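Asker: The task is simple: from the sequences and hints, build the whole structure.
Chains as they are written, first to last, in full-length UniProt numbering: chain A, 1 to 854; chain B, 1 to 115.
Some clues are possibly wrong.
[To be verified] Simulated restraints, written as ranges between beta carbons of each label pair:
{"hint": "1", "chain 1": "A", "residue 1": "Q482", "chain 2": "B", "residue 2": "D17", "range": "48 to 58 angstroms"}
{"hint": "2", "chain 1": "B", "residue 1": "Q101", "chain 2": "A", "residue 2": "G821", "range": "21 to 31 angstroms"}
{"hint": "3", "chain 1": "A", "residue 1": "G821", "chain 2": "B", "residue 2": "E15", "range": "16 to 26 angstroms"}
{"hint": "4", "chain 1": "B", "residue 1": "E32", "chain 2": "A", "residue 2": "T804", "range": "33 to 43 angstroms"}
{"hint": "5", "chain 1": "B", "residue 1": "H95", "chain 2": "A", "residue 2": "S823", "range": "31 to 41 angstroms"}
{"hint": "6", "chain 1": "B", "residue 1": "H95", "chain 2": "A", "residue 2": "Q775", "range": "53 to 63 angstroms"}
{"hint": "7", "chain 1": "A", "residue 1": "L61", "chain 2": "B", "residue 2": "P93", "range": "43 to 53 angstroms"}
{"hint": "8", "chain 1": "B", "residue 1": "E15", "chain 2": "A", "residue 2": "E616", "range": "12 to 22 angstroms"}
{"hint": "9", "chain 1": "B", "residue 1": "D31", "chain 2": "A", "residue 2": "G597", "range": "23 to 33 angstroms"}
{"hint": "10", "chain 1": "B", "residue 1": "E15", "chain 2": "A", "residue 2": "K777", "range": "13 to 23 angstroms"}
It should be emphasised that the hints constitute simulated quantities derived from the structure, not laboratory data. None of these values were measured; they are calculated from a predicted model. Ideal placement from N, C-alpha and C gives every residue a C-beta, glycine not left out.
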Amino acid sequence: MAVKLLVIGHGMVGHKLLQELVERQVQGLDITVLGEENWPAYDRVHLSDFFSGKSADDLSLVTPGFFDRPGLQLRLAARAVHIDRQQKRVTTADGEVIGYDKLVLATGSRPFVPPIDGHQRAACLTYRTIDDLLAMREWGAGSRIGVVVGGGLLGLECAKALRDMGLETHVVEFAPRLMAVQVDDIGGQMLRRKIEELGVTVHTGKSTLDIVDGEATRHRMRFADGSQLETDMIVFSAGIRPRDELARACELGVGERGGIHVDNYCRTRDWDVYAIGECAYWGGKTFGLVAPGYDMARVVAAHLCALLERRQAPELPEFAGADMSTKLKLMGIDVASLGDAHATTPGARSYQFSDERRQVYKKLVVSGDGKRLLGGVLVGDASEYGTLLQMMLNGIELPDEPEFLILPSADGKARPMLGADALPAAAQICSCNNVSKAQLCDAVAAGAASIGALKSATKAGTACGGCVPLVTQIMRAEMKRQGLAVNNHVCEHFAYSRQELYHLVRVERIRHFDELLRRHGSGLGCDICKPVAASILASCWNEFVLQKEHASLQDSNDYFLANIQKDGTYSVVPRMAGGEVTPDGLIAVGRIAKQYGLYTKITGGQRVDMFGARLEQLPSIWEQLIAAGFESGHAYGKALRTAKSCVGSTWCRYGVQDSVGLAIALENRYKGLRAPHKLKLGVSGCTRECAEAQGKDVGVIATERGWNLYVCGNGGMKPRHAELLAGDLDTPTLTRYVDRFLMFYIRTADRLQRTSVWRDNLEGGLEYLQQVVVQDKLGLAAELEADMQRVVDSYECEWKKAVTDPQTRKRFQHFVNSAEGDSNVVFVHDRGQIRPATPEEKPARRIPARVTTE
Amino acid sequence: MEDVLTTQGWTLVCELDDIVPDTGVCALVDDEQVAVFRVGERALYALDNFDPNAGAAVLSRGLIGSIGDRVVVASPIYKQHFDLRTGQCLEVPEHSVRAWQIRLEGGHVLIGHPL
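Answerer: Okay, structure coming up:
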């Protein structure tokens, strides 16, 4: 007889419990889950992403097929209204009665709405569920001004959502500063300044009396100090309250300020009923973060399994409270709070550093003897968060002058980080997914040798990503310890990574491969390092790829400026920037293709590809294409391919910007740019995204106010959505950011690494990329732009150069001693065009016999 | 000069200057395609031009390099490496090709018979 488990609540924590149970593969458990909402569990931590382009499906935490398992069923829109603990059954709002053997309450919280007169007016909303988001979107569409009541963590997230919708945004906070719980006065001021710079108006120390009709707007908020604020919509985000009403009604103990009493196993006073997540009250408090909720889910899963398998209790994990340190990014601003941020521990000392120009504030709280870190606040730059958190949690002894942990170093070099070796094996590195240092080290020993591999092996760094720098450090240290060389050498001829070679070429102003090989390499080079060097030399100096010194470095495609096909013929792709082509252009392409008997096909990049050109035909084909006004499309190079575009505001009823115009400008700017791998761009004229820009290395989507810039997307084998790097840019700013982004990628990526993979392996992730490209943290922006400008200024059509240079042109012959063509190339006709003959269709080839002479 | 051109069994295919250092060209020798490679200034090698892995006559268009002590060409289609001295395919030995006799006389490149 299966044990019936009923879970009330399908939020993040409820779903985590199901995942844990499924992973443990326990037998004899029949699970029913009641979800009050219409949606299965979704990521509430990233709710505001809904307003920057993510859909409800994107936010879902449920992998396809998860609920197809036997013994596991989910009921949505099923609200539990009563628990009968004597009969062990639960009644739903529809009157259904469900019996249980074990019950788990994962009911979460509700938003707290202060009981102000008028709080129930229309367009007075809350911010907690997807239904809330839909309501915000609906009301937001007809509003000009929006107010968020509450300047805490969630309130500021919500303000971002309003701003993303294009509303004039205000934050009203009762306390004298923002994020009163997590940061101190100075930190709060710094945060306020930064947020106001982003166009959000902050009102602190405001107590709302009531909400009445506005004059020019829907509402007017009146405050205790006599001031008032006109607004069209109001979102309350003034804290949360545990959903404990079911527990109260069936007399399970609850805390003073709410929350269901639980013990270390998360059991309520009725041992058949557990409570986990935000509705649980443990050790005198509730926990409004997801990490402790996940811990509780793990504890309960282990406990249930032990019961089913009748194992002894002592080995079971117990909930032991949680560290409430947090790090987050609010409207692009780093904010972190650790431990005793307000220095309330007796005898605690603090160190503070503030930089008003860069708008950075940092504070450390240390014990009276100066040996232990108790807490801290970081605003504007939270890069030390991971290190400080580990120092605090593991009680690692502080250096004699702990202030250097937060002070910028004088010589601009990175501060020595906390050595990974100092951490105990049990140290929890990823708190979201509870991954310890020992687990990371085990995964490295099992072969995870890149940050990407380590992430998929352990899940570390896959939720909030805050621990990724530390995870990387541990990985490197462990690889070194295990004697695994972190070998990213290009090949046997160069003991350097691509990034290092790039650096050498630039710094030593090396212009030729021979010189690079002589100074830094060995042997003759090979088909790996030669194209790498050719690409680096082209990115740095942009000399003609076919000039004598560079010719021998090029892969066949670059050597003949065309794409080699399986039979040794080539395909020809003229550039059609933005996919725009005149009727005369199309006629010319058609005429030329017809003249040479080429197979034609439209490419995914919105241009025409002509196949079946023999080597000796290429120059004359190009001569004609050039005469018709075309230039090289660089389809053969690890270079910019195309900028795909939709038709945009010029023709389309919905377009809000001229996407074709921008696509053409971008494609022409970056054409010929050599990179570690091919590059694709996309520009969409509105949010409908018809150009699929989010699947491109650089994607641009028009907004009412300018352009949103997305980066590091990919289609192909491993699709990856591009991420928003910066929003609402004007065209010159957009171009500057793309310059910086592309050059930074070119400088730092590995050989044949697309931007998507480069980004997945980039320490510091998107945040770091934004710091480099948008905030210019490395002080490199001017240099990157200048590098790009040099490439742009030195652009020449390679085909134009090739057909006019007799030396180069001479190479386009199949035979050095005959004008004949390759007899091995045979075409047959299919669907009205040519295609290469299969081996069976070809006339028998004379197989050369091996002659042995003894 | 006269005797070079008429030397028994050898075919003059081109001048050294016709081959860009560290690249290859293809020569037609008695109806057969021979890939001729120039490594550095004066070293010459010759292999069948036909790549059995790809079924295409393309080896002359491969990239030249070294793997350990071997001087090799990488096929431009699927990148297998062929030893320029012996024609051995390093990845798929059963797809090895023939190496040809080759010599430089004056500035002339002469191809002999398959080795």
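Asker: Quick check: which numbered hints come out false for this structure?
Answerer: 5, 10
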